[in-house]
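Residue numbers for the sequence shown follow this note's numbering, so the first one is 7 and each next one is one higher.
Just so you know, the hints here were simulated from the structure itself, not pulled from any lab data. Careful, some of the hints might be misleading.
Said to hold, decoys possible - In silico lysine-lysine, PhoX-like type, Cα no more than 20 Å apart, as pairs:
#	residue 1	residue 2
1	Lys185	Lys399
2	Lys224	Lys32
3	Lys150	Lys32
4	Lys45	Lys150
5	Lys45	Lys32
6	Lys32	Lys235
7	Lys119	Lys129
8	Lys129	Lys45
9	Lys374	Lys147
10	Lys224	Lys45
11	Lys374	Lys364
12	Lys147	Lys185
13	Lys129	Lys147
14	Lys180	Lys150
15	Lys129	Lys172
Unchecked claim - Distance ranges between label pairs, derived from CB positions:
#	residue 1	residue 2	range
16	Asn343	Met309	53 to 59 Å
17	Met249	Gln417	37 to 43 Å
18	Ser250	Asn352	17 to 23 Å
19	Trp314	Arg71	34 to 40 Å
20	Gln297	Gln88	25 to 31 Å
21	Arg49	Ala324	44 to 50 Å
22	Arg254	Gly73	27 to 33 Å
23	Thr327	Gln88	35 to 41 Å
24	Lys210	Met393	23 to 29 Å
25	Val260	Asp190	27 to 33 Å
26	Val365	Arg58	47 to 53 Å
27	Ser386	Arg58	29 to 35 Å
From the three backbone atoms N, C-alpha and C, an ideal C-beta is built for every residue, glycine too.
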Amino acid sequence: MKYRFWIVALLLIGLAATSPAADSAKRWTLEECLRNAGKQPNRVRASEWQYRSAEAGWREERVARYGSVDATGTYSHSTDVQTLSIPISIPGMKIPETKFGDGNVYDLAVTAKIPLFTGGALKYREQAARSGADAAQYDWKAEKASFAAEVRRAFYQVLAGEAALKIATNNRDKLLRHKGELEDAVTIGAVSREALIQNEVALKQAESSQIVAEGDLKAARIALCEITKIDESNAEFDGNLEMSLLTRFDSISVPTNDHRGEFAAMQHRVAQATWAANAVRGSWYPSVAAQATYHYAKPGVQMIKNEWMSYGVFGVSASWTMWDWFARDRRIEKARNSENALRFNNFELSRNLKTAAKVVFERLETAKRNLAVQSSRMESVQTRAGMVEERWKQGQATESEWQDAQDDVTQAHENVLSATVRLRLAEVEWLVTDGAE
């Protein structure tokens, strides 16, 4: 008996460990979905790497102003060498020829170069690269905001799908309960069989609506799980469709362009084009550079000795392009045209963003008013449906009146749901126009 007791206890423990409660699905909030989605969004990562590439380019241009140090090693061999012979004849004595080296030349050198004057070209190129890096950083910010908005939209579509399925299921269950009441009433002859057939028609329509709602919810879950990298088979989503996304803001107004990543990126690209144009204009001026080289070579400067030796060479070089068939003019014109094009694009973008912000704000305000009206209407419809049901129970209302009242209730719930979803999505768009990530 003692061993049998322990066997039964172990079996019960095993069943408890494998029960659905022990393997309950994780419930994901909107914040958790955003965090999990932010781990591996390919397009956001691509935008980040573009920014890092632009930042590396800026650093490259910055250090170009500091000069460079190069190390070189060369070897060359000449089949013939220069010789020196003295054309003097001395009796009894032969004056030997003097050779300058043996044809082998070795040279190990370290050269330091630093620009002294470039007409501002290096400085302006650095500024242009810095503006390009800033633009890429704001592109990255805009991409993160856009991706976060997609996650929010997908999350609320799932919540809307769950609510729609709940409405459809409640409507079907109510019709099923009413079917039982009608069957009893038909049995005692209180109502005609036509009422039962009418209920069957409404019940089929309710089941169809439930099937559609299940399919919509499934599609919304697939979309959300795909974008957030969540395992759909073991995930539930925890959120309140009636809770506003804008509770952390003190006041809601038409957003400005100040926080938009797209607008800031365009402004920095305009600045980049301006600096690039200035850098091209610097080519009109001469460039001056200083150079110092340390050599360890054989034969070096002592060609006759032909030995390893070290020596240094210092100097200053200047270059100035005097004529290039107007190539510099064309480069300056090209840079100036690019700058002007970006300026006009910036004006257009600013106008479009301002218009979009006004539209989004108006949609937000309209969605708020619409939700208030639909909520008030639903209360009235529910009150009337209760009255009709009481009259039907008393035999003072027809089956058609009861069905119409229930249809009105279902439609009112769907209207409130639609208005709520529209408001939440309008809030998501408002966050995008405000630059929130």
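These are the hints, each one checked on the structure:
Between lysine 185 and lysine 399, the direct Cα distance comes to roughly 14 Å. Compliance with the 20 Å bound is thereby established for this hinted pair. Distance hint between lysine 224 and lysine 32 is fulfilled; the C-alpha atoms sit about 17 Å from each other, no more than 20 Å. Our distance criterion of 20 Å between C-alpha atoms is broken by lysine 150 and lysine 32, whose separation comes to about 25 Å. Taking the CA atoms of lysine 45 and lysine 150, the gap is about 11 Å. The hint holds against a cut of 20 Å.
Between lysine 45 and lysine 32 the alpha-carbon distance is near 18 Å, which keeps this suggested pair within the 20 Å criterion. The hinted pair formed by lysine 32 and lysine 235 meets the criterion: a straight-line CA distance of about 14 Å does not exceed 20 Å. With a C-alpha separation of about 17 Å, the suggested pair lysine 119 and lysine 129 falls inside the 20 Å cut-off, and the hint holds. Straight-line distance between C-alpha atoms of lysine 129 and lysine 45 comes to about 38 Å, which puts the hinted pair past the 20 Å bound.
For the proposed pair lysine 374 and lysine 147, the alpha carbon gap of about 29 Å is over 20 Å, so the pair is violated. At roughly 24 Å between alpha-carbon atoms, lysine 224 and lysine 45 are farther apart than 20 Å, so this suggested pair is violated. For a cut-off of 20 Å, the pair hint linking lysine 374 to lysine 364 stands: about 16 Å separates their Cα positions. Between lysine 147 and lysine 185, the direct Cα distance comes to roughly 57 Å. Violation of the 20 Å bound is thereby established for this hinted pair.
Restraint check: the Cα-Cα separation between lysine 129 and lysine 147 comes to about 27 Å, which exceeds 20 Å; the hinted pair is violated. Pair hint lysine 180 plus lysine 150 does not hold up; C-alpha atoms about 45 Å apart against a cutoff of 20 Å. Distance hint between lysine 129 and lysine 172 is unfulfilled; the C-alpha atoms sit about 65 Å from each other, more than 20 Å. Taking 53 to 59 Å as the suggested C-beta distance range, the pair asparagine 343 and methionine 309 conforms, at roughly 56 Å.
Between methionine 249 and glutamine 417 the beta carbon distance is about 24 Å. The supplied range of 37 to 43 Å is therefore violated. Serine 250 and asparagine 352 have their C-beta atoms about 34 Å apart, which leaves the hinted 17 to 23 Å range violated. Taking 34 to 40 Å as the suggested C-beta distance range, the pair tryptophan 314 and arginine 71 conforms, at roughly 36 Å. Between glutamine 297 and glutamine 88, the C-beta spacing of about 27 Å keeps the proposed range 25 to 31 Å intact.
Taking the beta carbon of each, arginine 49 and alanine 324 are about 49 Å apart, inside 44 to 50 Å as hinted. In this structure the supplied range 27 to 33 Å is violated for arginine 254 paired with glycine 73, their Cβ-Cβ distance being about 51 Å. Between threonine 327 and glutamine 88, the C-beta spacing of about 36 Å keeps the proposed range 35 to 41 Å intact. Checked against the hint of 23 to 29 Å, the C-beta distance between lysine 210 and methionine 393 comes to roughly 27 Å, which is consistent with it.
As the Cβ distance of valine 260 to aspartate 190 is approximately 60 Å, the hint placing it in 27 to 33 Å is violated. About 35 Å separates the C-beta atoms of valine 365 and arginine 58, a value inconsistent with the hinted range of 47 to 53 Å. Between serine 386 and arginine 58 the Cβ separation comes to about 59 Å, which falls outside the hinted range of 29 to 35 Å.
Hints 3, 8, 9, 10, 12, 13, 14, 15, 17, 18, 22, 25, 26, 27, counting from the list given before, are not met by this structure.
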